[in-house]
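**Q** Starting from the given sequences, assemble the full structure and let the hints guide the process.
Per our numbering, residue 7 is the first one in the sequence shown, and the count goes up by one each step.
Note that these hints are calculated values from the structure, not bench results.
One or more of the hints may lead you astray.
Said to hold, decoys possible - Computed cross-link-like contacts, DMTMM-like style, restricted to lysine to aspartate or glutamate with a CA-CA straight-line distance of at most 25 Å:
| no. | residue 1 | residue 2 |
| --- | --- | --- |
| 1 | Lys-78 | Glu-27 |
| 2 | Lys-78 | Glu-41 |
| 3 | Lys-78 | Asp-15 |
| 4 | Lys-13 | Glu-40 |
| 5 | Lys-13 | Glu-27 |
Stated by the list, open to error - FRET-style restraints, in silico, Cβ to Cβ:
| no. | residue 1 | residue 2 | range |
| --- | --- | --- | --- |
| 6 | Asn-25 | Lys-78 | 18 to 24 Å |
| 7 | Pro-16 | Arg-77 | 30 to 36 Å |
| 8 | Ala-42 | Glu-20 | 31 to 37 Å |
| 9 | Asp-15 | Lys-78 | 15 to 21 Å |
| 10 | Gly-99 | Lys-13 | 18 to 24 Å |
Computed from a predicted structure; not experimentally measured.
We put the beta carbon where it would ideally sit given N, CA and C, even for glycine.
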Amino acid sequence: MNLPGLKRDPIREEMRRINRESSRLGHTSRRLVEEASMVSSGRHQAIRAVSPTSQVKQTPTLLIESRMARRKVIIAATISLLLAWILFRLVAG
Numbered sequence: 007m008n009l010p011g012l013k014r015d016p017i018r019e020e021m022r023r024i025n026r027e028s029s030r031l032g033h034t035s036r037r038l039v040e041e042a043s044m045v046s047s048g049r050h051q052a053i054r055a056v057s058p059t060s061q062v063k064q065t066p067t068l069l070i071e072s073r074m075a076r077r078k079v080i081i082a083a084t085i086s087l088l089l090a091w092i093l094f095r096l097v098a099g
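**A** Rendered as structure tokens:
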């Protein structure tokens with residue numbers, strides 16, 4: 007006995023999954039852009055030149071050191087957007 011309102015629609019579930027993944031990748035890419043645009047404030051200064059009172063707690067940022075990891079995130083975001091567009095065209099058409 008299947009109720010019509012409780013049927014699982016695989017296309018909608020896949021669209022939700024792709025939307026969640028795209029959102030996660032968007033957040034990650036935004037964090038990477040913010041990290042890349044940050045100026046290091048005192049990392050290269052001598053220890054005696056930085057007083058303990060001038061140090062302010064910074065919000066935690068995503069620390070990805072390799073360029074390859076950044077490229078992988080950007081490529082994954084592009085692929086997910088492309089797949090979402092293809093799936094949209096299949097559903098709409």
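**Q** Determine for every hint whether it applies to the structure shown.
**A** These are the hints, each one checked on the structure:
| no. | hint | result |
| --- | --- | --- |
| 1 | Lys-78 with Glu-27 | holds (14 Å) |
| 2 | Lys-78 with Glu-41 | holds (16 Å) |
| 3 | Lys-78 with Asp-15 | violated (31 Å) |
| 4 | Lys-13 with Glu-40 | violated (42 Å) |
| 5 | Lys-13 with Glu-27 | holds (23 Å) |
| 6 | Asn-25 with Lys-78: 18 to 24 Å | holds (21 Å) |
| 7 | Pro-16 with Arg-77: 30 to 36 Å | holds (32 Å) |
| 8 | Ala-42 with Glu-20: 31 to 37 Å | holds (32 Å) |
| 9 | Asp-15 with Lys-78: 15 to 21 Å | violated (31 Å) |
| 10 | Gly-99 with Lys-13: 18 to 24 Å | holds (22 Å) |
Checked against the numbered hints given earlier, the structure breaks hints 3, 4 and 9 and satisfies all the rest.
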